[in-house]
Amino acid sequence: MDKFETLTGIAAPMPLINIDTDMIIPKQFLKTIKRSGLGVNLFDEMRYDDDGKEIPDFVLNKPQYRDAEILVAGDNFGCGSSREHAPWAIKDFGIRCVIAPSFADIFFNNCFKNGILPIALPQEQVDVLMKDAEKGANARMTIDLEAQTVTSSDGEVFSFDVDPFKKHCLMNGLDDIGLTMEKAASIDSYEAKASQSRPWV
Amino acid sequence: MSPKTLYDKIWDAHVAHEADDGTCLLYIDRHLVHEVTSPQAFEGLRMTNRTVRAPDKTIAVPDHNVPTTLDRANAATMTEDSRIQVEALDKNAKDFGIHYYPVSDVRQGIVHIVGPEQGWTLPGMTVVCGDSHTATHGAFGALAHGIGTSEVEHVLATQTLIQKKSKNMKVEITGKLRPGVTAKDITLSVIGTTGTAGGTGYVIEYCGEAIRDLSMEGRMTVCNMAIEGGARAGLIAPDEKTFEYCMGRPHAPKGAQWEAALAWWKTLYSDDDAHWDKVLTIKGEDIAPVVTWGTSPEDVLPITASVPAASDFKGGKVDAAQRSLDYMGLTAGTPLKEVEIDTVFIGSCTNGRIEDLRAAAEILKGKKIAVKRAMVVPGSGLVRAQAEEEGLADIFKEAGFEWRLAGCSMCLAMNPDQLQPGERCAATSNRNFEGRQGRGGRTHLMSPAMAAAAAITGKLTDVRELM
Ligand code: SF4
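Protein sequence lines, in the order shown, are assigned to chains A and B. Here my numbering is used: position 72 in the first sequence is 72, and no number is missing along the way. Here my numbering is used: position 400 in the second sequence is 400, and no number is missing along the way.
To be clear, the hints were calculated from the coordinates, so they are not data collected in a lab. Among these hints, one or two may not hold up.
Cβ-to-Cβ under 10 Å is the rule here; a few derived chain B residues that face chain A [said to hold, decoys possible]:
(1) 14
(2) 21
(3) 27
(4) 37
(5) 53
(6) 55
(7) 80
(8) 165
(9) 166
(10) 254
(11) 382
(12) 386
(13) 390
(14) 414
The calculated DSS-like cross-link candidates involving lysine-lysine, where the alpha carbons are at most 27 Å apart (straight line), are [claimed, not checked]:
(15) B/167 x B/4
(16) A/91 x A/53
(17) A/91 x B/164
(18) B/254 x B/266
(19) B/165 x A/183
(20) B/176 x B/91
(21) A/183 x B/167
(22) A/131 x B/314
(23) A/193 x B/164
(24) A/3 x B/165
(25) B/283 x B/170
(26) A/131 x A/91
(27) B/4 x B/241
(28) A/91 x A/193
(29) B/254 x A/193
(30) B/266 x B/368
(31) B/94 x A/31
(32) A/53 x A/31
(33) B/278 x A/193
(34) A/34 x B/365
(35) B/283 x A/166
(36) B/278 x B/266
(37) B/170 x B/278
(38) A/135 x B/254
(39) A/167 x B/167
(40) A/193 x B/397
This one's a predicted model, so the numbers in the text were calculated from it and none came from an experiment. Even glycine gets a Cβ: it sits at the ideal position worked out from N, Cα and C.
The shape of chain A in the complex, shown without the other chains (with noise of 0.2 Å):
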C-alpha cells in the first residue's frame, strides 16, 4: 500500500450530502476484475452526459479542479454500497484525501485499506475548507498526517482525529493481512477453543 504522510494539493468543492458510493463510482463499472483504471469513471453520471462528453459544470472537469488531490464533501459521504471501487476510483483519479463533516462506516474503512486518509472535521470547519477549496487552483490545502492538521491556503490550522493504529498502518504503508498474520498463533488458539465451545460452527 502507498504511505501517506503530508499532501499539499488543490482541494475540489462538492457541498452535497450523502454521496453515496453508486454515484461514486456506479455498478456498469464493477464488472472489472481488476483495481485499477477507475479515474476515469469516478463520478461518472455526475461527470459524463449521455453520449460520454464531459459536464463542464462538474467540479471534476473544470481546469482548476482536474488535478484535485483533496476532495472536500457534505456529510455522510461515501454512504451505500460497500464498493470497494469507490475508493480505488478515487485514488486512481489522483485524490488521497476526502473531508467531510462525517463517513459512512464501510467506505471509511475501504480508504485506509487504499492509502487515502478520510478526514472527519466538525462542519463548522468544513464549512471554512469548503470555502477555500470554491478558491480554485491556488488554494493549496496541506495536510500533515503526523501532526493530524489540516491547513487551509490562508494558514489557519485544524485538528482532526485518527485512529492510532489506521495511522500508523497509513504512514507506513503496512498491508494489513500481513499484520494479522503475524497473530496466527492466537487465531490458531481461538480456532482450538472455539471447536469444542462452538462445534457446530
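Please arrange chain B with the ligand on chain A, whose structure you already have, making use of the hints.
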C-alpha cells in the same frame, strides 16, 4: 458479571486477539462471497501465495450479474465483462475449495437469501460478505456486516477481521402494526426518523412487540436495511421462531450438536439493565404504509402524504432535496397517490423471499397490471420453486408480471434488467439512489404489497384501499 447487550455477547465470543488500543481481531464464522467484490481479493491471495484459511466456512454464489431471463443458460444473454466475473468466481471457488452454488444449481440466488436458506447463517455467529446488505443475517441474532474487497481478502487469508467495537443502539417498535403495514414499512420508517447517518458508529438491536411478531422473513427485511440507516449491523435476538426456521436446514447442526447450539443460542439476548448509547422508540400503531419520494432511503413519507418542497428541510438537506425532486421529476405538493408508475420490480434481498411473494400475490389475485412492465425476481431458485408449487407464479403471470429466475436483477441493474432514463419504478429493493436501477431511472421504494397495488392502478397506491 456486568450486564451485556446481545451485540456485546456475540462480540465477546469472537475476539481472537485484542491489542492495547482496543483494536481486535474478530473471528469470522461465515464468509459469504459473490462475483463482484471478490475477484481482486482472490487475485491478491494468488499474488502473495496465500490460501483460504477456512474454506469450509466460505460460501460463494454468483448473483449480481446473472441474467434472470429463462434463457440465461445461453452465454449470449450476458455481456462479456459479466461473464468474465462469473467465470472468475467459478474458477476461484474451485481452485480454493470453497462451497459454491453455480447458476445452474436450483439453490443459487441472492447471497443473503441463500445463506439463511441453506442454514449457513445461525444465531450468535459472525457473518461477513463483501456486500453492505450482509446486515440481513442479523435477523438471526448473528453479527453480520458488509466489508470491502481488501477486507474480503483479509478474511479469506486469516478468517478474522480487524475491528473496533461499535456503540449499542436500541430501536424498539412497540405494540401492533396496523393492517397493510409490513416489515418494510418498519425499516423505512426507522430510516425516515434517524436519517441515513443516524446509525453511523452503532450496531442496532431491533426489539419490541412488533418486531417479535414478525416472521423470520420480515425480520430479515428489517435488518437488511440497517445499513441504509448507517449502522454497522442490525440485530434481532433469536427466539423460538428463529430456532424453528434453522432446524433441519442443510447446514444447521443436528442431534446432540443441535441441542448444544440451542442451549447457547438461548442465552443470546440483551440483559435487562444493559447499557444503550442511543435509544429510539416508535409505536407500531403509528407506522403507515410508506413510500420514498427522493433519492435517499431517508426520503420516506406515508403514502397519504404529498411530495415535499425543498424548503421543508434544513441545512444541507435543502439542496439535496431540490436535487432529488429535480431528478425524480416531482413537483412539491403533488399527492403521492397521483404519481404515475411505469414499471414494477418485486425482488431483491430485502423483499425477494416467499412471504414477500405471497403478500404481493394476495393483492394481485385475479387482477391485471396497468403499468408498462412488471417483473418478479425470486430471491433464490428454491423460493421460485416454492412459489410455483403454491400457485403464486400463476397469479403473477396471469396479472401480466414476468416470472424470472433468481438474482439481484433490477435492484442494482448490473445485469440486463435496467430502467431507461426517466422511467419510474415501484420497487421492493433498498436503494433509490440516482442511477441505481439504471441511468436516469426513478425509484420509489415500498413493500411488496404496495408495489403490487401500484402495478394494478399504475400509480403509487395505498394498499389498504385494495384490501
Ligand atoms: S439484491 Fe440488491 S441489495 Fe441485495 S445483494 Fe443484490 S444488489 Fe445488493
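To see whether the hints hold, each was checked on the structure:
{"no.": "1", "hint": "14", "in the structure": "holds (8 Å)"}
{"no.": "2", "hint": "21", "in the structure": "holds (6 Å)"}
{"no.": "3", "hint": "27", "in the structure": "holds (5 Å)"}
{"no.": "4", "hint": "37", "in the structure": "holds (7 Å)"}
{"no.": "5", "hint": "53", "in the structure": "holds (8 Å)"}
{"no.": "6", "hint": "55", "in the structure": "violated (14 Å)"}
{"no.": "7", "hint": "80", "in the structure": "holds (9 Å)"}
{"no.": "8", "hint": "165", "in the structure": "violated (12 Å)"}
{"no.": "9", "hint": "166", "in the structure": "holds (8 Å)"}
{"no.": "10", "hint": "254", "in the structure": "holds (9 Å)"}
{"no.": "11", "hint": "382", "in the structure": "violated (22 Å)"}
{"no.": "12", "hint": "386", "in the structure": "violated (26 Å)"}
{"no.": "13", "hint": "390", "in the structure": "violated (31 Å)"}
{"no.": "14", "hint": "414", "in the structure": "holds (5 Å)"}
{"no.": "15", "hint": "B/167 x B/4", "in the structure": "holds (12 Å)"}
{"no.": "16", "hint": "A/91 x A/53", "in the structure": "holds (22 Å)"}
{"no.": "17", "hint": "A/91 x B/164", "in the structure": "holds (25 Å)"}
{"no.": "18", "hint": "B/254 x B/266", "in the structure": "holds (17 Å)"}
{"no.": "19", "hint": "B/165 x A/183", "in the structure": "holds (19 Å)"}
{"no.": "20", "hint": "B/176 x B/91", "in the structure": "violated (49 Å)"}
{"no.": "21", "hint": "A/183 x B/167", "in the structure": "holds (26 Å)"}
{"no.": "22", "hint": "A/131 x B/314", "in the structure": "holds (20 Å)"}
{"no.": "23", "hint": "A/193 x B/164", "in the structure": "holds (22 Å)"}
{"no.": "24", "hint": "A/3 x B/165", "in the structure": "holds (26 Å)"}
{"no.": "25", "hint": "B/283 x B/170", "in the structure": "holds (14 Å)"}
{"no.": "26", "hint": "A/131 x A/91", "in the structure": "holds (23 Å)"}
{"no.": "27", "hint": "B/4 x B/241", "in the structure": "holds (23 Å)"}
{"no.": "28", "hint": "A/91 x A/193", "in the structure": "violated (41 Å)"}
{"no.": "29", "hint": "B/254 x A/193", "in the structure": "holds (21 Å)"}
{"no.": "30", "hint": "B/266 x B/368", "in the structure": "violated (47 Å)"}
{"no.": "31", "hint": "B/94 x A/31", "in the structure": "holds (21 Å)"}
{"no.": "32", "hint": "A/53 x A/31", "in the structure": "holds (22 Å)"}
{"no.": "33", "hint": "B/278 x A/193", "in the structure": "violated (34 Å)"}
{"no.": "34", "hint": "A/34 x B/365", "in the structure": "violated (47 Å)"}
{"no.": "35", "hint": "B/283 x A/166", "in the structure": "violated (41 Å)"}
{"no.": "36", "hint": "B/278 x B/266", "in the structure": "holds (25 Å)"}
{"no.": "37", "hint": "B/170 x B/278", "in the structure": "holds (6 Å)"}
{"no.": "38", "hint": "A/135 x B/254", "in the structure": "violated (66 Å)"}
{"no.": "39", "hint": "A/167 x B/167", "in the structure": "holds (22 Å)"}
{"no.": "40", "hint": "A/193 x B/397", "in the structure": "violated (53 Å)"}
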